[in-house]
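Colleague: Throw the hints in and build the complete structure from the sequences for me.
Top line first, the protein sequences correspond to chains A and B. Under the working numbering, residue 89 is the last one in the first sequence; the count climbs by one each step, no gaps. Under the working numbering, residue 498 is the last one in the second sequence; the count climbs by one each step, no gaps.
Just so you know, these hints were derived from the structure itself, not from any lab. Honestly, I wouldn't trust all of these hints.
[Said to hold, decoys possible] Pair ranges (Cβ atoms, derived):
1) B/I400 to A/L83: 50 to 56 Å
2) A/E24 to B/K468: 41 to 47 Å
3) A/R3 to B/P462: 53 to 59 Å
4) A/M1 to B/G379: 39 to 45 Å
5) B/I400 to A/R3: 32 to 38 Å
6) A/E28 to B/K487: 44 to 50 Å
7) A/D73 to B/E451: 39 to 45 Å
8) B/P462 to A/I25: 48 to 54 Å
9) A/D73 to B/I45: 48 to 54 Å
10) A/I25 to B/I470: 31 to 37 Å
11) A/R3 to B/P112: 42 to 48 Å
12) A/E24 to B/P244: 29 to 35 Å
13) B/P211 to A/E5: 30 to 36 Å
[Unchecked claim] Computed list of chain B residues with no C-beta within reach of chain A, every gap over 10 Å:
14) S13
15) Y34
16) K121
17) S218
18) R274
19) G310
20) K332
21) V402
22) R406
In this text the structure is predicted, and so the values were computed from the model without any measurement. Using N, Cα and C, we set each Cβ at its ideal position, and we do this for glycine too.
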Amino acid sequence: MERNEIKKEVKIIFVSVLKNNNFEISDELTANDVDGWDSLSHMVIVTEVEKHFDIKFKLKDLNKLNNIGNLIDLVALKTEQKLILPDGL
Amino acid sequence: MQLFYDLQNSISSHIERNAFCINGVFYKYSDLAYSISVIRRSIQINIPETDKVVGLIANDDIESYASIIALWFEGKAYVPLSPEFPKDRLEKIITQAEINTIIDSSDNPLYPGYNQIESKKLLKAEINLTPKEVSGNEIAYLLFTSGTTGMPKGVPIARANLSGFVSAFWNMQMKIDKSDRFLQMFELTFDLSVMSYLVPLLMGACIYTIPKDKIKYSYIYELMEDHKLTVTLMVPSILQYLRPYFEEIDLPDMKYSLFCGEALPLDITEEWSRCLPNADIVNVYGPTEDTIFCTSYCYNCKTDYKSHNGILSIGKAMKGTETVIVGENNEKLTTGKIGELCLGGIQLTPGYWKNEEKNKESFFYINHKDKKERFYRTGDNCIADADGDILYIGRKDFQIKVQGFRVELCEIEFHAKTFLEKINAIAVATADTIGSTEICLAIESEEFSCEPLLDYMKTKLPIYMIPKQILFIKPFPLNVNGKTDRKKLEQLFNKSLI
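Modeller: Below you can see the structure in the form of structure tokens.
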């Protein structure tokens with residue numbers, strides 16, 4: 001999947017979880033820049049992103065998701081892996 | 001007091017070892033010794049002898065920990081002030097504790113109106129780790145817990161209380177030494193932090209803290225794996241967050257995994273024990289009033305484990321603690337009878353800070369083992385079995401009355417969770433639109449049809465115990481101490497009524 005495409009879809013997830021629209025999505029964006037992005041909503045966002053892209057993060061991945069750029073990279077990587085390794089492999 | 005000389009000896013004899021790992025940076029005992037000494041020097045210059053209680057901004061850095069020890073060595077006590085708390089609450093605490101001086105390691109002091117020690121900006125000083133000799137009656141720390149009236153309640157812990165805790169902890173005979181690596185996941189405003197930094201410091205071991213801007217549960221896991229932590233004290237809620245990932249977790253280096261602060265469910269403990277093939281899992285229990293924790297139960301030291309409603313036993317009193325279970329008129333109950341657990345002994349606070357009214361309510365004297373002994377009412381309903389192991393039933397204030405019937409919310413949770421298997425559920429009581437008590441169930445999951453669940457519960461519980469409202473919330477909100485925030489869940493139900 002293309003990064004820009006992922007970014008657009010991630011933005012939609014953020015807006016629906018955080019219930020606000022007053023941020024511009026960029027690679028450098030972190031929790032400190034966005035109202036309502038805390039530990040708790042982070043977990044909801046993670047779950048929603050997993051569901052939407054049909055991927056599963058590892059526990060170790062979660063600490064790396066400290067800005068949007070990292071999140072998008074990880075989604076890109078996981079969706080690619082899924083194409084190479086279909087379910088069950 | 002011997003405790004503080006032990007602390008001095010440990011710091012000076014492990015000077016080359018690592019004391020802390022904070023945000024990925026290691027600090028040696030020599031760094032700690034230096035930081036303690038400069039802060040002591042500043043305390044000697046800036047705080048009058050008569051000023052015993054000092055505010056401490058609870059940051060996650062070496063200076064904040066060094067300040068605690070500097071204050072102890074100078075014969076003073078600390079009151080942790082969380083920079084994340086609302087200013088209004090902090091000001092109430094500062095006023096109540098009559099704080100004049102605040103030690104602050106922030107770049108800009110958070111409360112510039114008070115006498116300040118800016119602990120990051122101090123000049124050099126000679127190393128000085130010799131504690132001043134003070135009485136065991138002097139307090140070591142003063143913590144504020146939430147009061148029901150909205151006014152925070154102060155719990156002073158005397159030096160003799162703290163020393164009693166440490167002796168009782170050694171008496172548990174854990175095989176730990178200077179090579180161990182401890183987790184410290186708590187805010188300094190929560191007394192479980194005291195065990196998490198004090199025990200390792202007394203042995204020359206290393207403490208790993210959680211930076212405030214990190215996602216707690218995943219950071220904890222990373223520390224446990226990357227740094228091969230060997231001793232952890234956590235609240236059980238952390239396990240609920242880690243549970244979906246248990247299959248990835250394998251921590252053979254873990255020696256002791258302690259839990260405190262909330263009921264520890266048996267099923268999740270079983271699953272967790274498989275992630276820690278070489279560890280003892282110990283459930284410890286105790287309110288702030290009885291110094292950190294005062295009873296313990298080892299989950300996998302025996303082959304059969306005790307539980308009630310799916311909650312692991314809290315075991316027996318630690319050395320120096322007395323436990324009794326009493327009825328409505330403070331009468332001691334016999335084995336197998338449900339009553340309120342009351343605690344006495346060496347770890348018990350001298351009483352709430354300047355709050356005679358609350359003291360009369362919470363403390364009482366009864367004859368125990370041939371002498372008059374002071375006890376504290378925990379508000380926890382418990383039962384003791386024939387071996388003397390204590391089983392936790394539920395909070396006295398979670399015991400509610402529905403249509404005149406006494407209902408334990410934990411019992412409802414137990415049956416709901418049994419049906420839901422790995423999904424967490426919390427029962428709360430709220431007032432319905434006409435003001436009578438109504439049971440609600442919060443389920444930590446995506447929405448699904450509740451009918452099978454309710455049908456199952458109806459086979460187990462009388463109809464007045466069946467939840468009238470169900471909400472799906474994922475994840476459950478946590479309070480500042482990392483426990484499931486029941487108050488917030490209650491509010492969510494109240495909101496959904498409107």
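Colleague: None of the hints should be skipped; say for each whether it holds.
Modeller: How the hints compare with the structure:
no., hint, verdict
1, B/I400 to A/L83: 50 to 56 Å, "holds (54 Å)"
2, A/E24 to B/K468: 41 to 47 Å, "holds (44 Å)"
3, A/R3 to B/P462: 53 to 59 Å, "holds (57 Å)"
4, A/M1 to B/G379: 39 to 45 Å, "violated (53 Å)"
5, B/I400 to A/R3: 32 to 38 Å, "violated (53 Å)"
6, A/E28 to B/K487: 44 to 50 Å, "violated (36 Å)"
7, A/D73 to B/E451: 39 to 45 Å, "holds (43 Å)"
8, B/P462 to A/I25: 48 to 54 Å, "holds (52 Å)"
9, A/D73 to B/I45: 48 to 54 Å, "holds (52 Å)"
10, A/I25 to B/I470: 31 to 37 Å, "holds (35 Å)"
11, A/R3 to B/P112: 42 to 48 Å, "holds (46 Å)"
12, A/E24 to B/P244: 29 to 35 Å, "holds (32 Å)"
13, B/P211 to A/E5: 30 to 36 Å, "holds (33 Å)"
14, S13, "holds (35 Å)"
15, Y34, "holds (31 Å)"
16, K121, "holds (25 Å)"
17, S218, "violated (4 Å)"
18, R274, "holds (15 Å)"
19, G310, "holds (24 Å)"
20, K332, "holds (43 Å)"
21, V402, "holds (30 Å)"
22, R406, "holds (33 Å)"
In this structure, the earlier hints numbered 4, 5, 6, 17 are contradicted, and the remaining ones agree with it.
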